[in-house]
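As a plain string of letters, each chain reads:
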Amino acid sequence: MASDKQCVAMLLAGGQGTRLGVLTKEVAKPAVPFGGKYRIIDFTLSNTINSDIDTIGVLTQYQPFELNQYIGNGQPWDFDRLDGGAFVLPPYQTAKSGEWYKGTANAIYQNINFADRYNPEYVLILSGDHIYKMDYSKMLNSHIKNGADCTIAVLDVPIEQASRFGIMSADSNNRITEFEEKPKHPKSTKASMGIYIFTWAKLKEYLIKDEADKNSYNDFGKNIIPNMLRDGQKMYTYDFVGYWKDVGTISSLWEANMDLLDPQSGINLSDRRWIIYARNAAEPPHYVGANAKLFNSVVSEGGEIDGDIRNSIVSTGVVVEKGAVIKDSVLMPNCVIRKGAVVSHAIVGWNAEVGENCIIGEEQKGPINGEWKIAVVGPNVSIKKGDKVAAGEMIGAEGGK
Amino acid sequence: MASDKQCVAMLLAGGQGTRLGVLTKEVAKPAVPFGGKYRIIDFTLSNTINSDIDTIGVLTQYQPFELNQYIGNGQPWDFDRLDGGAFVLPPYQTAKSGEWYKGTANAIYQNINFADRYNPEYVLILSGDHIYKMDYSKMLNSHIKNGADCTIAVLDVPIEQASRFGIMSADSNNRITEFEEKPKHPKSTKASMGIYIFTWAKLKEYLIKDEADKNSYNDFGKNIIPNMLRDGQKMYTYDFVGYWKDVGTISSLWEANMDLLDPQSGINLSDRRWIIYARNAAEPPHYVGANAKLFNSVVSEGGEIDGDIRNSIVSTGVVVEKGAVIKDSVLMPNCVIRKGAVVSHAIVGWNAEVGENCIIGEEQKGPINGEWKIAVVGPNVSIKKGDKVAAGEMIGAEGGK
Amino acid sequence: MNTKMMAILFASGNENKFNDLTIHRTTTSMPFAGRYRLVDFALSSFVNSGATRIGIITRNNYSSLMDHIRMGRDWDLNRKNSGIAVFPPFGLNTSKEMYKGKIEALHTILDFIEKAPEDYVILSNGNTAANIDYTKVLEKHIESGADLTILCHKAQCVNSSKRVIVGRDKKGFVNDLYSVEIPSQDLKLVSLGVYVVAKSILLEWVQQAYARGFVDFETDILFKEVKNGKLLAYEITEFAAIIDDVKTYYAESMKVLDYNIREQLFGGKNKIFTKVKDSVPTIYGDKAVVVNSLIADGCTINGTVINSILFRNVKVEDGVVIRDSIVMEDGTIMENSQLSHVITDKRVTVQSGRELKGLQTYPIVVVKNKVV
Amino acid sequence: MNTKMMAILFASGNENKFNDLTIHRTTTSMPFAGRYRLVDFALSSFVNSGATRIGIITRNNYSSLMDHIRMGRDWDLNRKNSGIAVFPPFGLNTSKEMYKGKIEALHTILDFIEKAPEDYVILSNGNTAANIDYTKVLEKHIESGADLTILCHKAQCVNSSKRVIVGRDKKGFVNDLYSVEIPSQDLKLVSLGVYVVAKSILLEWVQQAYARGFVDFETDILFKEVKNGKLLAYEITEFAAIIDDVKTYYAESMKVLDYNIREQLFGGKNKIFTKVKDSVPTIYGDKAVVVNSLIADGCTINGTVINSILFRNVKVEDGVVIRDSIVMEDGTIMENSQLSHVITDKRVTVQSGRELKGLQTYPIVVVKNKVV
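Protein chains in written order, with my numbering: chain A, -8 to 392; chain B, -8 to 392; chain C, 103 to 474; chain D, 103 to 474.
No lab work stands behind these hints, which were simulated from the structure alone. Note that beta-carbon positions come from the ideal geometry of N, C-alpha and C, so glycine has one too. Among the hints, erroneous ones may be present.
Unchecked claim - Label-pair restraints from in silico Cβ distances:
#1 A/R263 with C/K242: 42 to 52 Å
#2 B/N206 with C/K242: 46 to 56 Å
#3 C/Q309 with D/D221: 55 to 65 Å
#4 A/D262 with C/T321: 52 to 62 Å
#5 C/G152 with A/D107: 36 to 46 Å
#6 A/R264 with C/Q309: 50 to 60 Å
#7 B/G361 with D/K459: 49 to 59 Å
#8 B/N206 with D/N183: 55 to 65 Å
#9 A/L220 with D/R172: 47 to 57 Å
#10 A/D43 with B/N110: 34 to 44 Å
Let's have the full structure, built from the sequences with the hints guiding it.
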């Protein structure tokens, strides 16, 4: 029924994302707001369509409504195609069985029929919690040129960080010779970005084998990739150069937001040749009042800004009243910061309200063991007048504090 | 984020639909082809949009891909709205739990959050396996006018059939006084069509109570409706007059197709004021060859017809070769009937092939105990040259016979 | 009788009074309030009030309007059974003559109006900016038994454009209707040129008037209907602007800097939709000073902006001072230049160190694509 | 260099040779093969070959074309970064003059072509019907090192319209190019008026020719380029039709009754898309007799149809005999009437008992909306 597609993308939108705490209590990680007007998933969706891949399955078993509604008919990303488009795919039952996604490989396994409807030659496997701009069509060209069974996108990381990643060793032709998941003594600095292109027929073979193996974790990094390597399949690395950030923790999510304010960081969203699309909020321009001070900050539409804002991200529809001070912080959509409140090194969730004279977070000189102590006010939370949220503290909707 | 909707529709697309046998082996029942160019679900989707309700959740846990792909961005039914649209909703996991749909009420219960995003005043509950044209907005007006908590669409059925349905007794104002599921001695001929409008706040209350009751079947007919009635909630019937057919069995599916050929049946698809939409197949007009005979039949696009066709439904892309005879049958999309084959009182599934001189089904004088003995060739099945499929026999893809 | 409305929008206007701001566009597609076009207010009001069948009657310069509207997707109007129908200035392909007045224009689309299933029609000029809930207007219209309801608001007639003044009795029915072209400081009840009328009545009026060679809907139909006492005046108390020259354009634009006006236009549950452009959020640099201004997405600001409106993708460089001005989309204001009471059209570049200074009552206009 | 293509479609043609079939439309929007318009074949071929940035240059009568295309959704062309751009006959809003030839037309949209990221351009006339895989053409074009590739096919020049004849050497390069207007029965290699060319070369040729006041792309550019030996002839061996008068329209339409021709147009994996109309399947009644005919959706047939093409929603009543005819959308052929070698345009009604008879070489045309 559907016409054939050269390549279909499958986005592993993952589980609950517990490391983001209150932010992912009611939405899946890819739906978390980012950078003033985006959601995390906007980056992979935009990369995919900009790479001329017009069919993507978003695999999730956790809180799919927000994603379903956000993606909708796919129009904001140009995914409203006659044939193809963006689909949110929770688990389902077949005539024989039905089960939840056991691991990344099992999630793809359960959706073999989805991909097969488009009869693709290649499948692109993506993660939903990375901030980056990447032309997958170049990676696909490299995959085709190498006649590869599998191509893994890799990033050159500092050797001291290498043991946090899956590390590839490759020969001079980029053919992978060895793969180690989080090695203690890394042999290379080529870290897997969790972005794979597989020749679909080959991947299916391994998914089916993996599913039959009762001892398998059904995971790409732990099972599929090592198995293919052991069998001598043609596996290549593809070097990615540019900004890339995993935003799986509060600290890294905050850092990636701050990177938008740093022209040196390499994440330039203004490039009209590679637009990051987002669903539009139908808000008027933001208004800057008589008492506002804005310094090295990003402000999105619909805001009413009358406070002092420094080195911060102010999202759509945010209100910052007179006398409020926002420093090094991320204000998520439609939050309200009342008079005299001081917000520093903090993330304020969507629809949250920070009462008058509250003190949220405190000045941080730098990360401790790589982690910043960021204060987080959860979505829809109200912080009462004069209350304090300490550095690194997290306040959820159920009162908490 | 979403704007408020007065009414949101929830379509219970149901389970495997085992009574349709091989036809629902790989697709959910609502995705089964009907009437030459439609799928069963086209009727409810079109009714919904024609009734000015632009948001619908299609609840299924069985083979969602076909439905997902068929519905796509919703454009063929005008569901590609900025806000709202058509969503396929399999079960999912929350932070606390995750489980398959236990019953019709549980399916809605698990999707309370979906409806809540649109903050509806009313919710319309639909089934996915009925063929009919109905303006739900009139039913909604009646619900509002009555200040009802629940309105149930009813059809006047012959008293001898009444014991097959849920039967309502109502007072002169249409307020329901009694409800009996499949009563032996029906007190009324008002049969429930499985179409309900609830005031959403009230339904939520009962869904939550029902979920807490461990002995409940979590079913509308068995639990929710009787419970509400017992509590004296304001429940009304809404009289539907017109063509309506449940196509849950092979016999009734065949009958409903045949009804399209009978101007007296009351199902008129040509009315441009109430269009039944379907996803378009991009096929050229059908071609009628030099040896074709066509008598009282319906033929869709893309066909190549050179045989003798009487009282039959010929779907999109069907080939009927010279000398083949098709009587009182339904040829589903893209099936091929080879030379000299005789098909009578049969359904030939999509992409099936009936070889030369095969004999499929046989002439039926009428139904036996209300059931026609219809021969069924399953989707993608090939019947070898000269083979026979008996009346009432069903042939699946795994050889079977 | 069903209580649904369709809408007819007249996309014409006083193009000659805009100092070249409308050389490339109709009044209806004039940029307004930082990210909108005037047409967005009309279309959004229609859609939010459930009127999704919309005919737009164009006159000249309509390609910028067409480009903005496309198939109406941004207003959720890309519909199978309703949506937007654009009627070009020529009724027939073979005809090269444009229609003369609203009566003739309506007459050429009688078929479109007649076939529509809706029983009521909104008629609207394209030069108004307001967020109108027509469901309330229709309710009042039906309840009153009026033949036609005229939307109006209390306003001064500050410029010399033609305005229609409405007089009404205690019950709200129109007992006087006349046009003025003389500026005045008095607050008067002014017609917005927006009407709600039953389809059957509209069709009859237009057929009768056309048959008699009449041209102008206001003077030839409405003024004469006053005596029958069935025209209702419906006063809009929220913000509503009629924009028909540079002076009103500037004055009404600046009003949007007022919080209450913004609330009236954008604050309710009925949103104003516009063409989506996928801009990035605005970036404020180390030297930005911004006071009492409306700033759209995609700007980069490193200078001073006071009491002004910046549309999308405007670049304000170091040392720039912009006061009491409107800078439209893609403007670049280069280092150390100064603007005061200026309106720059789309893609204008003001070069380094330049100074442009207009007056409150006579703002300077810099035309599209100019480098000054 | 990227190997992607954009496309430019010239929606013009010999409107004066169609006996009123084109009074309401351009040749490009002529109905063809039961449910299509000619433009569907061009657009579908572009899209199926990955050319999703398409400029359509219109001349006159373009509103039926616009109505058909809308935003291109039915061809999957409602795209954010590419899709369909329609250029109206006037380059500038202020100008009222139409362009004179393809060179001037291309010159007015140089900016559009230049800004596009694609490196190759398909130029196509709007009067052809063929299902073309341009990816194969481009492959050949690049491999050969040609400046421009001319798509052509072997055909007779049966009518007196201008046709360009292509001579080629053993390697397939064009060594002769000339136009004829004299009918002939010989099979000749005829240009389809469809070209593939590198963007950089096209831009240079057009700029050079425009600067010298040249008008016609074929005679002023291509004919002169023959001597440089870098024009490649690419022969289409599948069905391709050039339609430029009633005679060719009728003859090429009837060819589609041949199974092999249908296979070449519709049988492959590249589908031809068209505007979706949500018709019901066709209903054959008790008295239908249909032989060797192409029948679109939505028809109701109770009479005899032989060697004919019925478009959508045609009604054929009792006792009717239709032979060797084409009945376009919404036609009603009433009881006992007889048609032979007739083409009826959209919404024609033939009343009971009437007989219309044309000739193979001179089919009768009944114009749109007529009741005869």
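Structure-based check of each hint:
1. At about 47 Å, the beta-carbon gap between A/R263 and C/K242 stays in the expected band of 42 to 52 Å.
2. Evaluation of the 46 to 56 Å hint for B/N206 and C/K242 yields a pass: the beta carbon distance comes to about 54 Å.
3. Between C/Q309 and D/D221 the C-beta distance comes to about 58 Å, which sits within the given range of 55 to 65 Å.
4. Our hint of 52 to 62 Å for A/D262 and C/T321 holds, since their Cβ atoms are close to 55 Å apart.
5. The hint said 36 to 46 Å for the Cβ distance between C/G152 and A/D107, and at roughly 43 Å that hint holds.
6. Between A/R264 and C/Q309 the C-beta distance comes to about 55 Å, which sits within the given range of 50 to 60 Å.
7. For the pair B/G361 and D/K459, the supplied restraint of 49 to 59 Å holds, since their beta-carbon distance comes to about 55 Å.
8. A hinted range of 55 to 65 Å for the beta carbons of B/N206 and D/N183 is consistent with their spacing of about 57 Å.
9. The given range of 47 to 57 Å is respected by A/L220 and D/R172, whose C-beta atoms sit roughly 51 Å from each other.
10. Evaluation of the 34 to 44 Å hint for A/D43 and B/N110 yields a pass: the beta carbon distance comes to about 38 Å.
The structure is consistent with each of the numbered hints, conforming to all of them.
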